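**Q** Given only the sequences and the hints, what does the whole structure look like? Please build it.
These protein sequence lines are chains W and B, in that order.
Read left to right, the first sequence gives residues 1 to 313 (our numbering).
Read left to right, the second sequence gives residues 1001 to 1571 (our numbering).
Honestly, the hints are just simulated from the structure, not real lab data.
On a predicted model such as this, the values are computed, not experimentally measured, just so you know.
Mixed in with the good hints there might be a few duds.
[Stated by the list, open to error] Some, not all, of what chain W presents toward chain B, calculated at C-beta under 7 Å:
id: 1; residue: Gln-40
id: 2; residue: Leu-111
id: 3; residue: Ser-126
id: 4; residue: Asn-281
id: 5; residue: Val-283
id: 6; residue: Arg-287
id: 7; residue: Thr-291
id: 8; residue: Arg-293
Note that beta-carbon positions come from the ideal geometry of N, C-alpha and C, so glycine has one too.
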Amino acid sequence: MLPDLPHLALAGFQATALLAAAPLVSGFARVMRAKMHNRQGPGLLQDYRDIVKLMQRQEVWPPDSGWVFKAMPMLVMAVLLVIATGTPIFTLAPPIHVMGDLVLSIYLYALARFFLSLSGIDSGSSFAGIGASRELTVGVLVEPTMLLSLFVAALLAGSTDEGAIATAIANGHMQSAGAAVLAGLAFAFGVYVELGKLPYDMAEAEQELQEGPLTEYSGPSLALLKWALALKQTLVVGWFVGLFLPFGASADLSIDGVFNGALAFALKALVIFAIVGVLSNAVARVRFRFTPRHSWAGVGVASLAFVFYLVGV
Amino acid sequence: MNAHTPLRIGSSYVAALRAKLPHAVLEERWQTDRQATITVKLEALPEAVRTLYYVHDGWFSTMAGNDERGLNGTYGLYYVLSMGGAEKCHMVIHAQVPEDKPEFPAVTPLVPAAVWYEREVRDMFGLEPVGLPDARRLVLPDDWPDGLYPLRKDSMDYRFRPAPTTDAENYPFINDAKQETTVVPLGPLHVTSDEPGHFRLFVDGEDIIDADYRMFYVHRGMEKLAETRMGYHDVTFLADRVCGICGYAHSVAYANSVENALGIVVPERGQAIRSILLETERLHSHLLNLGLACHFVGFDSGFMQFFRVREKTMMLAEMLTGHRKTYSMNLIGGVRRDILAEQKLTTLKTLGELRCEVRRLVDILLSTPNIGGRVTNVGRLDPKVARDHSPVGPVLRGSGFRRDTRADHPFAGYLSGATPINVQTGCDVLSRTLVRVSEVFDSMAIIENLLNDTPAGPILTEDFTYTPYKFALGFTEAPRGEDIHWSMLGDNQKLYRWRCRASTYNNWPVLRHMLRGNTVSDAPLIVASIDPCYSCTDRVTVVDVKKSTTKTVAYKEMERYCRERTSSPLK
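**A** Have a look at this one:
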């Protein structure tokens, strides 16, 4: 079934708005960081300026790189934009219904990660290669948490459709409130790791790996990639907010409703990124080989959510 | 000063050497009460150094080569040992290498700590250490012409830049790994080091199996410069510039070496001021390293906060010396500026504020989640490896050895009181960091004590004359460990030879052992935990590793060569 015009318009609006706001999100993180460092730091709009500047620069490819390396920023950006049209963020229902399935979302994120890692290996740089293998390892480690917590939510709502889950939570139609809260917590942990922030920014660790898979990128590719990573951070937070904190999202497609939903999302995102900003600047990077210990805790909470669901607490 | 009090602390070592190696000791000369130069026969050199090092608890401080052909027709080798036993003193084993046969039996197979020194003396003087397994250059670049030895008096003008002989990098990095490894190059330019040094990590997955490195990319030829165009007093200012962080320690060491050689007694107030400034330098250097430790584990908030607090120490330095880096304060015979009463009060007040702020920051740092996991048991320096390679400063004290030049060989303002030595036995990055933390607080206490009982009087003496060809050692405990200088005066208002050894020079060779078995992500942190100072080390040239376990030339062969001095095993 093809989506009708209003839904297409909403999908286009949501994807464009998130894309436009992404550098603001990363810029806000930089402002927070500077505040935590007691330094003046860059302005809120610095990442827009960075992207414009990089777009004008020359592109340099490593001699050993192939087409994967060159195509990766485009591919990742495209995949993320597809996700942006499917996740229910401004509204309770997904803008494009077929894209709003949580199994599909999970694998679209995995696809983006796959290309990011592949390009690291393709670049021929040993730092990028190690960063790529870390990226995949982190993916393998957080996926169980995300999957399990989402499946608990799906079981609670009786559907893997993200719109149905969001609606069920928004209306409080849950068989087990305890399970929903725990699943939300586990999912929040998974989302935090997905953000790629300290202490879990292993793949891009500046001091350790010189930014991992990003090492060899330059010019417009780097701009696109930075933009895409900022969009990814916005999207995963939107994913979390859309599913587990859908309050304020629009139940219909009216223009007022959608704008109010967008405003509500902006406020929620502001609070979440402020919390993330404090957390990520108050800790050291976790040693990469200790990461599984942390991710097992996430899996544990998600499993507990499942148990709560079974006993119906 | 030994004219009045010929104490000669350390004479038991000389007696022991004479007993151990009958007829090998040719001459003993005392530069100060606690400094003796013992000339031995060339073939007895390795055994003499080994005896003092392992039997009498000596530690390898430095080795100076010297082109003395104009004086006595030979090249001089001066192996300096800092004696840590009952009689704390410096013993210098001197051997003469004949001009027509520029080779000597290497000490490295017996005392691994000598390896960099012997490679350097081969580069700079063309003296071949027979039996030294590592045939690579240390200081000279790959494209330097063969047979041009910069520090020989007749080799070249200091302004001469020979044309490069090759474009290819031909320095072989050593990898002892048994399995297949990936090469991860760190450097020569790398985001985590502000100075050039090239590390090759040989890794399997994320694990470092082996590592090798090369320094001396920024060799500045300072020793040659000092010998050929600078006067005695100019060199104190040149010595400041050896390091951008701990330069003052170098100029104290240099001034100290000339003062020791000529028997100059520096006025007590001058001595105290030197110590106050050395401790100020230690404060800002250690706070820098603590900040960097935060940075390397990804805790940039800590980094910025430590640098905010460190700024106070820099302002303190500026107030006391007129320069943020405590530069240009020394002259031979004392210091150039007095500390006024008002400055004393401001210093005491600043120290009070600093103490609170540093205490708070250190508490925050140690209670930050993850920090413990990042630094505990990372970069272990085994005490046995440390004993064999003579590292210095917090690197050594973090492995449980109680050694600190300020306490072992008191100089300047440390002569009066007992200096506390901070030791940690964890052998890891955490231990080295904790040693630095304690030293920050000790430094504040030392400055306060010195300021409160600074003796009155002059700060400088000019009551001395230069005597050609006198030589002696000068030493300080810089933030990174012992700095030691060996100076010989010339007959033309210049130095005949200046050998300046920065503390990090002794710490590099153990780094390989510290890197093994850790992961790539820990490498920058481990390198930072020795608080390396690239350009200090690089004042002359070259690099190596591959000691403690390897003996490429059989010891028997070397021993035979020592006895017979014929058919060198390296030819």
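**Q** Output the numbers, in ascending order, of every earlier hint that fails for this structure.
**A** 1, 2, 7 and 8
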